[in-house]
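Same order as they appear, the protein sequences are chains H and C.
So the first sequence is numbered by this note's numbering: it starts at 1 and just counts up by one.
So the second sequence is numbered by this note's numbering: it starts at 1 and just counts up by one.
What the hints contain is simulated information worked out from the structure, not anything from laboratory work.
Beta carbons are placed, not taken as given, at the ideal position from N, Cα and C, and that holds for glycine.
Be careful, since some hints might not be right.
[Stated by the list, open to error] Straight-line distance between alpha carbons at most 25 Å, and here's what the computed DSS-like set of lysine-lysine pairs gives:
| hint | chain 1 | residue 1 | chain 2 | residue 2 |
| --- | --- | --- | --- | --- |
| 1 | C | K214 | H | K187 |
| 2 | C | K214 | H | K39 |
| 3 | H | K152 | C | K188 |
| 4 | C | K243 | H | K162 |
| 5 | C | K214 | H | K188 |
| 6 | C | K152 | H | K188 |
| 7 | C | K233 | H | K206 |
| 8 | C | K233 | H | K162 |
| 9 | H | K61 | H | K137 |
| 10 | C | K243 | C | K187 |
| 11 | C | K187 | H | K214 |
| 12 | C | K162 | H | K243 |
| 13 | C | K256 | C | K214 |
| 14 | C | K162 | H | K233 |
| 15 | C | K162 | H | K246 |
| 16 | C | K206 | H | K188 |
| 17 | H | K187 | H | K137 |
| 18 | C | K152 | H | K246 |
| 19 | C | K243 | H | K120 |
| 20 | H | K188 | H | K243 |
| 21 | C | K188 | H | K256 |
| 22 | C | K256 | C | K233 |
| 23 | H | K162 | C | K246 |
| 24 | C | K214 | H | K214 |
| 25 | H | K243 | C | K214 |
| 26 | H | K233 | C | K246 |
[Claimed, not checked] Here are some chain H residues pointing at chain C (derived, C-beta under 8 Å):
| hint | residue |
| --- | --- |
| 27 | F2 |
| 28 | S126 |
| 29 | V153 |
| 30 | E160 |
| 31 | A168 |
| 32 | T201 |
| 33 | R208 |
| 34 | L211 |
| 35 | P212 |
| 36 | Q231 |
| 37 | K243 |
[Said to hold, decoys possible] Have a look at the derived ranges for each label pair, beta carbon to beta carbon:
| hint | chain 1 | residue 1 | chain 2 | residue 2 | range |
| --- | --- | --- | --- | --- | --- |
| 38 | C | N46 | H | R208 | 20 to 30 Å |
| 39 | C | K243 | H | D5 | 45 to 55 Å |
| 40 | H | P192 | C | K233 | 32 to 42 Å |
There are 2 protein chains.
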Amino acid sequence: MFINDIVIIGSGNVATNIAFALRNIGKNILCIYSRSPEKARKLAGNVSAPYTTQLDMLPAKADLYFIAVNDNAIVDVTARLKGVSGIVAHTSGSVSMSVFENVIADYGVFYPLMHLSSEKLMDFKSIPLCIEADSRKSFCALQELACALSDKVFPVTSAERKILHLAAVFSCNFTNLNYIISEEILKKNGLPFDMLHPIITETANKIRNSLPSKLQTGPAVREDLEVIGAQYKLLDDFPQYQKMYKLLTEIIIQKKKDNEL
Amino acid sequence: MFINDIVIIGSGNVATNIAFALRNIGKNILCIYSRSPEKARKLAGNVSAPYTTQLDMLPAKADLYFIAVNDNAIVDVTARLKGVSGIVAHTSGSVSMSVFENVIADYGVFYPLMHLSSEKLMDFKSIPLCIEADSRKSFCALQELACALSDKVFPVTSAERKILHLAAVFSCNFTNLNYIISEEILKKNGLPFDMLHPIITETANKIRNSLPSKLQTGPAVREDLEVIGAQYKLLDDFPQYQKMYKLLTEIIIQKKKDNEL
Numbered sequence: 001m002f003i004n005d006i007v008i009i010g011s012g013n014v015a016t017n018i019a020f021a022l023r024n025i026g027k028n029i030l031c032i033y034s035r036s037p038e039k040a041r042k043l044a045g046n047v048s049a050p051y052t053t054q055l056d057m058l059p060a061k062a063d064l065y066f067i068a069v070n071d072n073a074i075v076d077v078t079a080r081l082k083g084v085s086g087i088v089a090h091t092s093g094s095v096s097m098s099v100f101e102n103v104i105a106d107y108g109v110f111y112p113l114m115h116l117s118s119e120k121l122m123d124f125k126s127i128p129l130c131i132e133a134d135s136r137k138s139f140c141a142l143q144e145l146a147c148a149l150s151d152k153v154f155p156v157t158s159a160e161r162k163i164l165h166l167a168a169v170f171s172c173n174f175t176n177l178n179y180i181i182s183e184e185i186l187k188k189n190g191l192p193f194d195m196l197h198p199i200i201t202e203t204a205n206k207i208r209n210s211l212p213s214k215l216q217t218g219p220a221v222r223e224d225l226e227v228i229g230a231q232y233k234l235l236d237d238f239p240q241y242q243k244m245y246k247l248l249t250e251i252i253i254q255k256k257k258d259n260e261l
Numbered sequence: 001m002f003i004n005d006i007v008i009i010g011s012g013n014v015a016t017n018i019a020f021a022l023r024n025i026g027k028n029i030l031c032i033y034s035r036s037p038e039k040a041r042k043l044a045g046n047v048s049a050p051y052t053t054q055l056d057m058l059p060a061k062a063d064l065y066f067i068a069v070n071d072n073a074i075v076d077v078t079a080r081l082k083g084v085s086g087i088v089a090h091t092s093g094s095v096s097m098s099v100f101e102n103v104i105a106d107y108g109v110f111y112p113l114m115h116l117s118s119e120k121l122m123d124f125k126s127i128p129l130c131i132e133a134d135s136r137k138s139f140c141a142l143q144e145l146a147c148a149l150s151d152k153v154f155p156v157t158s159a160e161r162k163i164l165h166l167a168a169v170f171s172c173n174f175t176n177l178n179y180i181i182s183e184e185i186l187k188k189n190g191l192p193f194d195m196l197h198p199i200i201t202e203t204a205n206k207i208r209n210s211l212p213s214k215l216q217t218g219p220a221v222r223e224d225l226e227v228i229g230a231q232y233k234l235l236d237d238f239p240q241y242q243k244m245y246k247l248l249t250e251i252i253i254q255k256k257k258d259n260e261l
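In isolation and in its complexed conformation, chain H is listed as follows:
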């Protein structure tokens, strides 16, 4: 089965990026759904597709229905798609594929492992796409579409996808918290955050050539108790960051002792 006619449900960051990416490879966007008439009209206009604000008005037949809405709306949308002819796939990192069981005939998951923003469209070529499906037939169809969009397509089960999502929370969401804390500490001392841009870029680039467990640097891995003590004290005005500094330093020191670094 070759996917050509596609319905997109949603008009947020993921839906917008997917709509543009599909249009760019010449797919036919049958219809875009959004609760918001403004957002529906805007996205549909940008990719030259029809739109609707009513789920009941969606075509009853398509090759693929993308559900790219908030996690907590997926169940409701799925119920409204009962009986459609075509593969139904959601794009969430944390919702199991089993959400479709006993409701949808052919289904799957199509999860882009990337921060997507409607304000900055991304080239899909280098975005890992994680694919899962209820049957070999649905899987092959989704995989073919994914390979047309990206060079990095992975078969990933629902359980694995949750692990990937958790790993991304550490590597990205918690990393951004590190950046926020730096921003705050620097600002309080009248220093510009952009002084850290080069070293942050270097930290992220280094892991392309070596595993992070081979790359740990800093006072904790050196067990430099003098610097650790002085830095802990510098955080006296930030008790939560102090707690965090202590815990993360302990984790690094323990990993070093266990020869994991």
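Please build the complex by placing chain C on the supplied structure of chain H, with the hints as guidance.
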């Protein structure tokens, strides 16, 4: 005063990068010191300079003596440089400039805010160089040299440098710990770490156009308690990471409540 004749004390990551960078802008490296004859010979050979393994054999007169040794060796090296004619500057993020007081006549600090590795030499043009000195004369000399090496030269006091170093621990050392934890969780589940490369790069790139406090994403900032609970449970085998997940999630939720995100 124009700096041309330079002595480099040390042969590690910082010393090696600085030696090559100085040679590349045509400075005259008078002598390289290292305790290790092999390392001294290797670095000196690479930058066509003489070397010694004895501090007492260093030239008594130079425009600049760079002390690029471990933090805990700076005091000892400084004592041995008593009486030299020329500016003495260390390259450490965490050692105060006052280490030179009453020992050295003209002194300063020349701190590159970057992970430097002797195995991968860096172009200094985009490395922030933080400069401090005991006098206007020494400062101007160090600043002129720094500007010949880099486009990003900042006057930074010892107190500010410690703050920068602390911020770099959060943004870089603790971020690498996030990568390590991701690597470990993925490995345990048979997933390759490099699936995260694109989203890690994107996370680091995004802060070039927007402050991190405007960029937080993920289950914590959405206060998505269902995903937070499920992810916490996925960490059952890693009690320390669970503690970390809880603390960092609490910090993000509180910042959101305080309208800081």
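Right, here's what the structure says about each hint:
no.: 1; hint: C:K214 to H:K187; result: holds (15 Å)
no.: 2; hint: C:K214 to H:K39; result: holds (22 Å)
no.: 3; hint: H:K152 to C:K188; result: holds (21 Å)
no.: 4; hint: C:K243 to H:K162; result: holds (19 Å)
no.: 5; hint: C:K214 to H:K188; result: holds (17 Å)
no.: 6; hint: C:K152 to H:K188; result: holds (21 Å)
no.: 7; hint: C:K233 to H:K206; result: violated (31 Å)
no.: 8; hint: C:K233 to H:K162; result: holds (11 Å)
no.: 9; hint: H:K61 to H:K137; result: holds (17 Å)
no.: 10; hint: C:K243 to C:K187; result: holds (20 Å)
no.: 11; hint: C:K187 to H:K214; result: holds (15 Å)
no.: 12; hint: C:K162 to H:K243; result: holds (19 Å)
no.: 13; hint: C:K256 to C:K214; result: holds (11 Å)
no.: 14; hint: C:K162 to H:K233; result: holds (11 Å)
no.: 15; hint: C:K162 to H:K246; result: holds (17 Å)
no.: 16; hint: C:K206 to H:K188; result: holds (22 Å)
no.: 17; hint: H:K187 to H:K137; result: violated (55 Å)
no.: 18; hint: C:K152 to H:K246; result: violated (32 Å)
no.: 19; hint: C:K243 to H:K120; result: violated (34 Å)
no.: 20; hint: H:K188 to H:K243; result: holds (19 Å)
no.: 21; hint: C:K188 to H:K256; result: holds (19 Å)
no.: 22; hint: C:K256 to C:K233; result: holds (23 Å)
no.: 23; hint: H:K162 to C:K246; result: holds (17 Å)
no.: 24; hint: C:K214 to H:K214; result: violated (31 Å)
no.: 25; hint: H:K243 to C:K214; result: holds (24 Å)
no.: 26; hint: H:K233 to C:K246; result: holds (23 Å)
no.: 27; hint: F2; result: violated (27 Å)
no.: 28; hint: S126; result: holds (5 Å)
no.: 29; hint: V153; result: violated (11 Å)
no.: 30; hint: E160; result: holds (6 Å)
no.: 31; hint: A168; result: holds (6 Å)
no.: 32; hint: T201; result: holds (6 Å)
no.: 33; hint: R208; result: holds (6 Å)
no.: 34; hint: L211; result: holds (6 Å)
no.: 35; hint: P212; result: holds (4 Å)
no.: 36; hint: Q231; result: holds (5 Å)
no.: 37; hint: K243; result: holds (6 Å)
no.: 38; hint: C:N46 to H:R208: 20 to 30 Å; result: holds (26 Å)
no.: 39; hint: C:K243 to H:D5: 45 to 55 Å; result: holds (49 Å)
no.: 40; hint: H:P192 to C:K233: 32 to 42 Å; result: holds (40 Å)
In the structure shown, a violation is registered for the earlier hints numbered 7, 17, 18, 19, 24, 27 and 29, in ascending order.
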